[in-house]
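Take a look at the letters that make up each chain.
Number of protein chains: 2
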Amino acid sequence: MAPRGMTVLARLAETEQGSPLFRQVCDYILNRMERGEWQVHDKLPSIRLLAGELQVHRLTVFKAYRALADCGRVYVKDKSGYYVSPGLRDEGAAPASAAGAAVATYALTNAMSDIQRLPVEYQFSQALIDPGLLPNLFLSDYVKKVFDLYPKVLGTYSSVQGDGELRETLSSHFRRRHKLQLTAEELIITSGAQQAINLIAGIVLGPMDAVLVERPTYSVALDIFRRAGARLVPVSITPEGYDLEEVEALMRRYKPRMFYMNPTHHNPTGVTVPAVQRKQMVELAERYRCLLVEDDPFRDMYFGAEPPPPFFAYDTEGWVVYISSFSKYVAPGLRICAVACRYPFAERLITAKSLADNGTPLLNQKIFLHYYTSPRLQRHLDKLRIALQVHKEIAEEELAGTGWEWTPPQGGLNLWVKLPETVSVDRLFARCLAESIAFVPGAICDPLGGMTSWLRLSYSFANEHVLRTGIRRLTELAREV
Amino acid sequence: MAPRGMTVLARLAETEQGSPLFRQVCDYILNRMERGEWQVHDKLPSIRLLAGELQVHRLTVFKAYRALADCGRVYVKDKSGYYVSPGLRDEGAAPASAAGAAVATYALTNAMSDIQRLPVEYQFSQALIDPGLLPNLFLSDYVKKVFDLYPKVLGTYSSVQGDGELRETLSSHFRRRHKLQLTAEELIITSGAQQAINLIAGIVLGPMDAVLVERPTYSVALDIFRRAGARLVPVSITPEGYDLEEVEALMRRYKPRMFYMNPTHHNPTGVTVPAVQRKQMVELAERYRCLLVEDDPFRDMYFGAEPPPPFFAYDTEGWVVYISSFSKYVAPGLRICAVACRYPFAERLITAKSLADNGTPLLNQKIFLHYYTSPRLQRHLDKLRIALQVHKEIAEEELAGTGWEWTPPQGGLNLWVKLPETVSVDRLFARCLAESIAFVPGAICDPLGGMTSWLRLSYSFANEHVLRTGIRRLTELAREV
Numbered sequence: 001m002a003p004r005g006m007t008v009l010a011r012l013a014e015t016e017q018g019s020p021l022f023r024q025v026c027d028y029i030l031n032r033m034e035r036g037e038w039q040v041h042d043k044l045p046s047i048r049l050l051a052g053e054l055q056v057h058r059l060t061v062f063k064a065y066r067a068l069a070d071c072g073r074v075y076v077k078d079k080s081g082y083y084v085s086p087g088l089r090d091e092g093a094a095p096a097s098a099a100g101a102a103v104a105t106y107a108l109t110n111a112m113s114d115i116q117r118l119p120v121e122y123q124f125s126q127a128l129i130d131p132g133l134l135p136n137l138f139l140s141d142y143v144k145k146v147f148d149l150y151p152k153v154l155g156t157y158s159s160v161q162g163d164g165e166l167r168e169t170l171s172s173h174f175r176r177r178h179k180l181q182l183t184a185e186e187l188i189i190t191s192g193a194q195q196a197i198n199l200i201a202g203i204v205l206g207p208m209d210a211v212l213v214e215r216p217t218y219s220v221a222l223d224i225f226r227r228a229g230a231r232l233v234p235v236s237i238t239p240e241g242y243d244l245e246e247v248e249a250l251m252r253r254y255k256p257r258m259f260y261m262n263p264t265h266h267n268p269t270g271v272t273v274p275a276v277q278r279k280q281m282v283e284l285a286e287r288y289r290c291l292l293v294e295d296d297p298f299r300d301m302y303f304g305a306e307p308p309p310p311f312f313a314y315d316t317e318g319w320v321v322y323i324s325s326f327s328k329y330v331a332p333g334l335r336i337c338a339v340a341c342r343y344p345f346a347e348r349l350i351t352a353k354s355l356a357d358n359g360t361p362l363l364n365q366k367i368f369l370h371y372y373t374s375p376r377l378q379r380h381l382d383k384l385r386i387a388l389q390v391h392k393e394i395a396e397e398e399l400a401g402t403g404w405e406w407t408p409p410q411g412g413l414n415l416w417v418k419l420p421e422t423v424s425v426d427r428l429f430a431r432c433l434a435e436s437i438a439f440v441p442g443a444i445c446d447p448l449g450g451m452t453s454w455l456r457l458s459y460s461f462a463n464e465h466v467l468r469t470g471i472r473r474l475t476e477l478a479r480e481v
Numbered sequence: 001m002a003p004r005g006m007t008v009l010a011r012l013a014e015t016e017q018g019s020p021l022f023r024q025v026c027d028y029i030l031n032r033m034e035r036g037e038w039q040v041h042d043k044l045p046s047i048r049l050l051a052g053e054l055q056v057h058r059l060t061v062f063k064a065y066r067a068l069a070d071c072g073r074v075y076v077k078d079k080s081g082y083y084v085s086p087g088l089r090d091e092g093a094a095p096a097s098a099a100g101a102a103v104a105t106y107a108l109t110n111a112m113s114d115i116q117r118l119p120v121e122y123q124f125s126q127a128l129i130d131p132g133l134l135p136n137l138f139l140s141d142y143v144k145k146v147f148d149l150y151p152k153v154l155g156t157y158s159s160v161q162g163d164g165e166l167r168e169t170l171s172s173h174f175r176r177r178h179k180l181q182l183t184a185e186e187l188i189i190t191s192g193a194q195q196a197i198n199l200i201a202g203i204v205l206g207p208m209d210a211v212l213v214e215r216p217t218y219s220v221a222l223d224i225f226r227r228a229g230a231r232l233v234p235v236s237i238t239p240e241g242y243d244l245e246e247v248e249a250l251m252r253r254y255k256p257r258m259f260y261m262n263p264t265h266h267n268p269t270g271v272t273v274p275a276v277q278r279k280q281m282v283e284l285a286e287r288y289r290c291l292l293v294e295d296d297p298f299r300d301m302y303f304g305a306e307p308p309p310p311f312f313a314y315d316t317e318g319w320v321v322y323i324s325s326f327s328k329y330v331a332p333g334l335r336i337c338a339v340a341c342r343y344p345f346a347e348r349l350i351t352a353k354s355l356a357d358n359g360t361p362l363l364n365q366k367i368f369l370h371y372y373t374s375p376r377l378q379r380h381l382d383k384l385r386i387a388l389q390v391h392k393e394i395a396e397e398e399l400a401g402t403g404w405e406w407t408p409p410q411g412g413l414n415l416w417v418k419l420p421e422t423v424s425v426d427r428l429f430a431r432c433l434a435e436s437i438a439f440v441p442g443a444i445c446d447p448l449g450g451m452t453s454w455l456r457l458s459y460s461f462a463n464e465h466v467l468r469t470g471i472r473r474l475t476e477l478a479r480e481v
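If you read the protein sequences in the order shown, they are chains A and B.
Every letter in the first sequence is one number past the one before it in the working numbering, and letter 246, counting from 1, is 246.
Every letter in the second sequence is one number past the one before it in the working numbering, and letter 220, counting from 1, is 220.
Please keep in mind that the hints were generated in silico from the structure rather than gathered at the bench.
Among the clues, some could well be false.
To be verified - Example chain B residues on the side facing chain A (calculated, C-beta under 7 angstroms, incomplete):
1. R58
2. I115
3. S140
4. V153
5. T169
6. H173
Just so it is clear, CB atoms sit at the ideal spot from N, CA and C, and this is done for glycine as well.
Whole structure, please, built from the sequences with the hints as guidance.
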């Protein structure tokens, strides 16, 4: 049985009132009731008071109280206000037959993962590389050396911060490649970029904290921030990059703790933010004390010119945390990511990592290190870029003539496609799943839950034949719905 | 620069007022100030009100306000009450020269990790197996097969829940070995037991929630629960196991969300809770709706009889979550752990895992699977038990005649030793570090921060020679301080 909070929120999400801020206010109220801070028959704070405390519009609080009243969570006394309903304890939290001790804090969901867990033949929801494009045989053979080099690697824990040899190699790579001022001490190895985002959110964000996010963005990051109880504040991203005046106004108004950004071959739009904006954005971050969390998993997957240096390169004061997860196109199964950041933030991240899992397995780090330093890697990347561009072109060929709109990406793994208003993406999604085709509906990438005419098509995971056949079928289904 | 909350708490911890509950109340107050819920010159809640809200003694709140006043965080107006001090923003949170956007929520510390990160020659602080006792050459050789069996393993993500083949194998092992009713669907693979504890705490615990913990216990778990803002409620553990009347009284009084327990070759005491208590404890858990989180990393490391079945075996209602992390003595570098639990809790754990790192690397799971099912494993375990018993006896020989007290453990990796009151463990610890000897001071294993005459000696990590020499030196140093 789902925890009470989630049940209510799931129901609310089905109404047109399901805006993220509205949901968060409901969540906040339910959470305090759940915690026993607001007990049965307690009078709830006035709408004016709660709106002030949460810094939201009074109408949002009013709607939240109304919705909770509709669900039987609160009741109204005329001319007096809202009260906590009795029977709260019985309704969902702790059914005798299940481990109901587990409690809903803030919403625990992962919409992307739910989609990706569905087994389908035409997999366009995963922004991953087709394993057939990786040099598997070479890698499997090469990797055996690692066991000869480090015969005790399976018996040894890594340090929490990450293997010293790997951190030395990567910091020297970053210095050479991007002219970053960076030492091995300022790198922390995590198990994938997602762990990095989750750890950083855990350090930085608390309930009702504002966090800037691109609109659209990587939906799992949104779910991580929602889980922390944070308020999502959307920042537009277009083929021209950010609107820095908008960003400044948002920073001034919401005092966000951080801005989660994916500015290079952006997921899902493919946009790369120009160099001139990078420098200015770092200045804004300093001025408004907003940590920039730069997620950079697609940097090497460019089709034309190499992208500009990371935001981290423009930062002198420690306001950028740089998440570099190139294991995605080297050996994704290893889950190796490097986070560059300054002290004292680095110290906190190491402690958070020590509590989370006490360090990424040494084996994975050593295998990654040796493949990464092999001459084979550069050749692999050159070939991979070409293969991905071919994939992208196949997808674009199949979409040509549909009337669908997209900006051709200069890199990355996705097409961000707008369908005509006449097509319901939700209905198309349901039809596609029935025919074993998966993509990501745009709405889950939108912090506001809109963008209902958009979808994300990942062209990197399916092989060329499956890609062509699947997208052709997808466009046929779109004509039908 | 440390976040403000931690600085204050570090200072407070040095006073004799540093009881955990007191610290938590301070933390709670600082946290609300940090969040801006209580702003500069706001009047703080009355002692009576806050004590009621937090369900603590008024004296504890009084002491917390006094301590915060001493530190300049709050000020007093006579006959009016306590107020938030100005200057709060300037003092520590966001120095211009650092990524001060990161904020102290609840205390972010890991005392054990801090100790273990010190490089020493005589390593008795790590409850790990000496890599020399693992069949490294066999394992390194054997593992190469995995790459032949799964040539694309480095290019493939695992499912979030964990590899199906591994879950089938492990669930069948648990059914056979412990007569557990368990399907592969009810197993979730995590990267080590610590990740499991951290994910479960994230699902179950919120600020000021009570959590039962053994006294003493695994200190990293305490740090994880503190981080969640939970209240630690200690449960005694002795050679006879638990005092079930005490446990019931605590469950009745504090309504804990969960009980984190390590009932088999308990860390650090080595105690194994008898079978009869296991059944009764599960009944208590059902009655008081308290989730039992059973951490079981030392089960196979017994010296005499095999220990009784896990608590999970007695549970029919889903009140036990079973964390089985036997990779510690199979191939610790892989970090493979299996969590057994019922739905809907399992579903929440999978979602939490999907947000945390999107699944444990497939490579590690496949290597573990193939070693685990090899005939070599059973022989390895038999030899390892003997080797550990020899280690334990060496440690005991060297401690004989010191007047130190311990209960000889029937399994596990640690001795829990009480020194005479005349010896200061803190001073001994400092002396030992200076001579490159590390152990775990008992106080960090105690949720109350007491047990200052105790220490934990792990006899499993150093080889026999280093073990003997180091412990001999340790006892000499103890005579000196």
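Residue hint T169(B), partner chain A, criterion CB-CB below 7 angstroms: Given a least distance of 18 angstroms, the restraint on T169(B) is violated.
Agreement of hint R58(B) with chain A interface, Cβ distance less than 7 angstroms: violated (18 angstroms)
H173(B) as chain A interface residue, shortest Cβ-Cβ below 7 angstroms: violated (20 angstroms)
Hint validity - V153(B) Cβ closer than 7 angstroms to any chain A Cβ: With Cβ-Cβ at 6 angstroms, under 7 angstroms, it holds.
Given hint S140(B) near chain A, where the shortest CB pair must fall under 7 angstroms: Constraint on S140(B) satisfied, holds at 4 angstroms.
Interface restraint verdict for I115(B) against chain A (beta-carbon cut-off 7 angstroms): violated (11 angstroms)
When each numbered hint is compared with the structure, violations occur for hints 1, 2, 5 and 6.
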